[in-house]
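*Asks:* For reference, the chains in residue letters:
Number of protein chains: 2
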Amino acid sequence: MIKYALGVDYGTESGRAVLISLADGTEAATAVCQYRHGVMDQSLPDGTPLDSEWALQHPADYLEVLEQTIPNVLAESGIKPEQVVGLGIAFTACTMLPTDAQGTALCFKPELANRPHAWVKLWKHHAAQDEANRLNACALERGETWLARYGGKISAEWLIPKIWQILNEDPEIYAAAGRFIEATDWVIWQLTGVETRNSCTAGYKGIYWDKQSGYPTPDFFRSLDPRLERVVEEKLSRNILPLGSRAGGLTPQMAARLGLLPGTAVAVGNVDAHAALPACGVTAPGKLVMAMGTSICHTLLSSELHVVPGMCGVVEDGILPGYYGYEAGQSAVGDIFAWFVEHAVPARTHAEAAAAGKEIHAYLEEKASALRPGESGLLALDWWNGNRSVLVDTDLTGLMLGYTLLTEPHEVYRALIEATAFGTRTIIDNFTDHGVAVDELYACGGLPEKNRLLMQIYADVTGRTIHLSASKQTPALGAAMFGAVAAGAGAGGYDTIEAAARSMAHLADEVFRPIPDHVARYEQLYQQYRILHDYFGRGANDVMKVLKELKADAR
Amino acid sequence: MIKYALGVDYGTESGRAVLISLADGTEAATAVCQYRHGVMDQSLPDGTPLDSEWALQHPADYLEVLEQTIPNVLAESGIKPEQVVGLGIAFTACTMLPTDAQGTALCFKPELANRPHAWVKLWKHHAAQDEANRLNACALERGETWLARYGGKISAEWLIPKIWQILNEDPEIYAAAGRFIEATDWVIWQLTGVETRNSCTAGYKGIYWDKQSGYPTPDFFRSLDPRLERVVEEKLSRNILPLGSRAGGLTPQMAARLGLLPGTAVAVGNVDAHAALPACGVTAPGKLVMAMGTSICHTLLSSELHVVPGMCGVVEDGILPGYYGYEAGQSAVGDIFAWFVEHAVPARTHAEAAAAGKEIHAYLEEKASALRPGESGLLALDWWNGNRSVLVDTDLTGLMLGYTLLTEPHEVYRALIEATAFGTRTIIDNFTDHGVAVDELYACGGLPEKNRLLMQIYADVTGRTIHLSASKQTPALGAAMFGAVAAGAGAGGYDTIEAAARSMAHLADEVFRPIPDHVARYEQLYQQYRILHDYFGRGANDVMKVLKELKADAR
Chain A
523 MIKYALGVDY GTESGRAVLI SLADGTEAAT AVCQYRHGVM DQSLPDGTPL DSEWALQHPA
583 DYLEVLEQTI PNVLAESGIK PEQVVGLGIA FTACTMLPTD AQGTALCFKP ELANRPHAWV
643 KLWKHHAAQD EANRLNACAL ERGETWLARY GGKISAEWLI PKIWQILNED PEIYAAAGRF
703 IEATDWVIWQ LTGVETRNSC TAGYKGIYWD KQSGYPTPDF FRSLDPRLER VVEEKLSRNI
763 LPLGSRAGGL TPQMAARLGL LPGTAVAVGN VDAHAALPAC GVTAPGKLVM AMGTSICHTL
823 LSSELHVVPG MCGVVEDGIL PGYYGYEAGQ SAVGDIFAWF VEHAVPARTH AEAAAAGKEI
883 HAYLEEKASA LRPGESGLLA LDWWNGNRSV LVDTDLTGLM LGYTLLTEPH EVYRALIEAT
943 AFGTRTIIDN FTDHGVAVDE LYACGGLPEK NRLLMQIYAD VTGRTIHLSA SKQTPALGAA
1003 MFGAVAAGAG AGGYDTIEAA ARSMAHLADE VFRPIPDHVA RYEQLYQQYR ILHDYFGRGA
1063 NDVMKVLKEL KADAR
Chain B
523 MIKYALGVDY GTESGRAVLI SLADGTEAAT AVCQYRHGVM DQSLPDGTPL DSEWALQHPA
583 DYLEVLEQTI PNVLAESGIK PEQVVGLGIA FTACTMLPTD AQGTALCFKP ELANRPHAWV
643 KLWKHHAAQD EANRLNACAL ERGETWLARY GGKISAEWLI PKIWQILNED PEIYAAAGRF
703 IEATDWVIWQ LTGVETRNSC TAGYKGIYWD KQSGYPTPDF FRSLDPRLER VVEEKLSRNI
763 LPLGSRAGGL TPQMAARLGL LPGTAVAVGN VDAHAALPAC GVTAPGKLVM AMGTSICHTL
823 LSSELHVVPG MCGVVEDGIL PGYYGYEAGQ SAVGDIFAWF VEHAVPARTH AEAAAAGKEI
883 HAYLEEKASA LRPGESGLLA LDWWNGNRSV LVDTDLTGLM LGYTLLTEPH EVYRALIEAT
943 AFGTRTIIDN FTDHGVAVDE LYACGGLPEK NRLLMQIYAD VTGRTIHLSA SKQTPALGAA
1003 MFGAVAAGAG AGGYDTIEAA ARSMAHLADE VFRPIPDHVA RYEQLYQQYR ILHDYFGRGA
1063 NDVMKVLKEL KADAR
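Protein chains in written order, with this note's numbering: chain A, 523 to 1077; chain B, 523 to 1077.
None of these hints come from the bench; they were simulated from the model. Heads up, a few of these hints could be off.
All copies of an identical chain are treated as equivalent in the list; a pair is satisfied when it fits inside any one copy or across any two copies.
Below are the DSBU-like pairs computed for lysine-lysine, each with C-alpha atoms no more than 35 Å apart in a straight line [unchecked claim]:
| hint | residue 1 | residue 2 |
| --- | --- | --- |
| 1 | 1070 | 675 |
| 2 | 757 | 646 |
| 3 | 880 | 1073 |
| 4 | 1070 | 880 |
| 5 | 733 | 809 |
| 6 | 646 | 1073 |
| 7 | 1073 | 809 |
| 8 | 972 | 1070 |
| 9 | 675 | 972 |
| 10 | 646 | 1070 |
| 11 | 994 | 646 |
| 12 | 646 | 972 |
| 13 | 757 | 733 |
| 14 | 880 | 994 |
As the structure is a prediction and not an experimental result, all values here were calculated from the model.
Using the sequences provided together with the hints, build the complete structure.
*Replies:* Structure follows, in structure tokens:
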């Protein structure tokens, strides 16, 4: 009897369950559930308005995803509950919520349901920028050693700024919160009845290091705000479990709601981009995984700890047990191409695409493919949404250079692709310059299958071979693999994530290899990119920040 | 009996005659004639193919303009030939042709009609760049003092490179040419039967200075090419007449063809942008005239000679007798907005404009008008067609900085307008920094009437009041004014261009005055523009040239 594991991937707009064979990683069935309340950025369900920069979610939607999709994939596949040995989830992060000591979300309590701070703060809730700025200034002033592990800056999207915002703006909610917890850990708590915290979100989003060092010190928290001094022991947890750990078994009630067996192994929570790494078959250092979509998240393993400036973070056991997991990222990639098509591609080009029977991106890709490297005469800085790695600066903006009266839309499109490739190349060079090897690339996510030109350009610009995940659902596949490890070999799963990856992870046949002539040409363009990158990004010319200030002042 | 003068303006695609009252400058009638052969950039009339970068014209088209339009304006207005006391023309430049010693265009000779070099080379014939480069290198090496008067560089569009190209590529045509002559002077020769040369084109396009210094020396020409040593005495003329001079009277034959009286005064030839200066009522120093269209030509008078780096040229009597005339320019202005609308404005914005019942430029202008200075967050370098003044570098390219995922087309449109205004401001600062005062601005041409936002931005960016010519035909009006001066007061015309301007030139009621708050904001943006301008334009970062080389190499 073939055994299966369930992987559930919680995205920004919907959740998706995939039922996967432990024999070979094939997908038996998949089901998607849109969040009933979506992203709440205008008002609460009762109409209470929200300020700008807010982004909340409804935790009931997360449970609905489980109840809708899991029975569906079982029914569709005909697979029996006893064949399902484990379950894992992957989530956006830092997506966090306040609960009481028993794990009940505070927004579920009728008396608190009209309080915005009682709800889930989605990863892209950006209203804690003030708190993040003050936290970074304080950490820098005190010489906190952990700051370097986050590339020198804690993001406004992460856990501590979000908690501090709650304290500042609604101290009653702060007081009522027995726990502040990542949504990924909260869902696992609902499934198992056991509170756990995973090493990935604790490390990358919560400024947790290891059992000995733990979180920043009470002294640091007190220097931020005296009321925060005991936040760790009062509201968080020092019991952090490595990924692949068994959080517990499905509770009888939850098992009944989902159509699974009570006691089915459940893995501790995980994060989407990080779960994708073993799903690409990567279980060793030197292989950079790119989760490519609206943005790119880069993950990488190393046996050694290195401080790499400008990375998002390095966490021990943060991606796979036994390794230091490194994360870096580009804050806009697919988003830039989407902006371009919507805001800067003329009607004529849309009409040409329609006449050719092609979707506009596909049409632009085809025309851009006819150009040789350098032929557009254009060079861009890919900072339409700021720069995450390696400059960690949201105030940087996009640049396009080389326009003439003959510049065509497909030339600009190619220059934008190239700029994002140069951004990835910069991240790779930054890792290798600081002792973290990058030998090969692995890609997953929506972009690789959509745009072959982009993949070839990334191979040419980085000078490295790119392997593609065979799965279109790598975060869910990775989550299922961790579910199999939580079950263990004795229950028909696997004892290690490496063993799971050997059987379950597959690569596409197609491989993108660098074309030597292109590599040489792009090397010249990349050198020019780096000059501009450092000139505008490292303080020699602060025009982008000046423009942002003038813009803010003009409004 | 009211007296009239005729002004004929020869453009790139058509010629236009305007009949103007000498009493008050009002237009009695106007008529346009498209050139039958247009711009010949693919082949000669007999099908002989042309290389790229070539741009020729047919001299018969210039005569047809006269024969079509002058009888028309007389008939339409009912004005009698005896009321027309003078005629002047304004032309593109350097637009030149080879003729025999009697003034017959070589291309009119059947045995030479299939030889491309026998035809008129239009101003935008760009195939003499090699000759221009070699001329500039040679002049620089020899320390030729005249080079500084042309901003340090002779353009490939000008007379000597074009002559040298003929010599290099078709020495028989060079040998057969009794004259190389500007088209503006050739047309006057046809009208009067007398060969004359005007101080404007000789000075700005022919490297002529004054009666004493003349042209570059035979020694210089020999160092270019021994065959050129005697080019001035053999093919040009040292008899250069100041503007407003009477070239002669209409020949009886020509008078009969045009319906005018024989002996009607004809002024020496002139150039369109330069004729516009007195037509704006400008007859004194300190008033910069901007002829604004696809590009901008800036003209300015001074009583003193100053060497201004990066100007197009300074010529004694080159614009008005008695003054040093300065010229500078921006190689693309309206052309950039046209490129933007065609290549980068999305279908959505066109649809919005159509729904609002507005032309697309007018719609973008309206939306851009709602922004305050700096509110777009964007800053551009206006080098879509290189930079004429003050950098004199055709290899520079356009730059846009400040893009975000929220950047809208009307914001980019405004940033493009602002960039061209910063370009004009740079030219003004360059004049004033080198001793040539600029107190007020005067605008004429197609752009001012089309785009009021643009005019206000120019006033705000330059901190100067802008007056607008009341005439839509300033080059033709200026030409007519010089025709009136050629006739003289005794014949019912005027004795000086100043007197003509007092009666005939009028300004629009509308004046654009700088708005103090905008001036202060734009000062901050302009400082940023200048930093980028110098960084990319003066050698600190040669990325634009590197990209052009890579582009050329990729093709």
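*Asks:* Does each hint fit the structure? Answer for all of them.
*Replies:* Results of checking the hints against the structure:
For the homomeric pair residue 1070 and residue 675, the shortest alpha-carbon distance inside one copy (20 Å) is at most 35 Å, but the shortest distance between copies (38 Å) is not. Taking the shortest Cα distances, residue 757 and residue 646 sit within 35 Å of each other inside one copy (22 Å), while across copies they are farther apart (75 Å). Taking identical chains as interchangeable, the C-alpha atoms of residue 880 and residue 1073 lie at most 35 Å apart only when they sit on different chains, with a minimum of 28 Å there against 38 Å within one chain. For the homomeric pair residue 1070 and residue 880, the shortest alpha-carbon distance between copies (31 Å) is at most 35 Å, but the shortest distance inside one copy (38 Å) is not.
In the homo-oligomer, the alpha carbons of residue 733 and residue 809 lie at most 35 Å apart inside one protomer (28 Å), although the nearest pairing across protomers, at 77 Å, exceeds that limit. Taking the shortest Cα distances, residue 646 and residue 1073 sit within 35 Å of each other inside one copy (23 Å), while across copies they are farther apart (40 Å). In the homo-oligomer, the alpha carbons of residue 1073 and residue 809 lie at most 35 Å apart only across protomers (34 Å), although the nearest pairing inside one protomer, at 41 Å, exceeds that limit. Proximity of residue 972 to residue 1070 under the C-alpha cut-off of 35 Å is found in both arrangements, the shortest distances being 34 Å within a copy and 31 Å between copies.
When the C-alpha separation of residue 675 and residue 972 is checked against a cutoff of 35 Å, the pair qualifies only within one copy, where the shortest distance is 33 Å, while the shortest distance between copies is 50 Å. Taking the shortest Cα distances, residue 646 and residue 1070 sit within 35 Å of each other inside one copy (21 Å), while across copies they are farther apart (40 Å). For a Cα distance limit of 35 Å, the shortest separation of residue 994 from residue 646 inside one copy, 24 Å, qualifies, whereas the shortest one across copies, 55 Å, does not. For a Cα distance limit of 35 Å, the shortest separation of residue 646 from residue 972 inside one copy, 25 Å, qualifies, whereas the shortest one across copies, 44 Å, does not.
In this homomeric assembly, residue 757 and residue 733 come within 35 Å of each other (Cα to Cα) only inside a single copy, at 17 Å, whereas the closest approach across copies is 93 Å. For the identical chains of this complex, residue 880 and residue 994 are intra-copy neighbours only, at 22 Å inside a copy versus 46 Å across copies, given an alpha-carbon limit of 35 Å.
Comparing the model with each numbered hint stated earlier shows that all of them hold.
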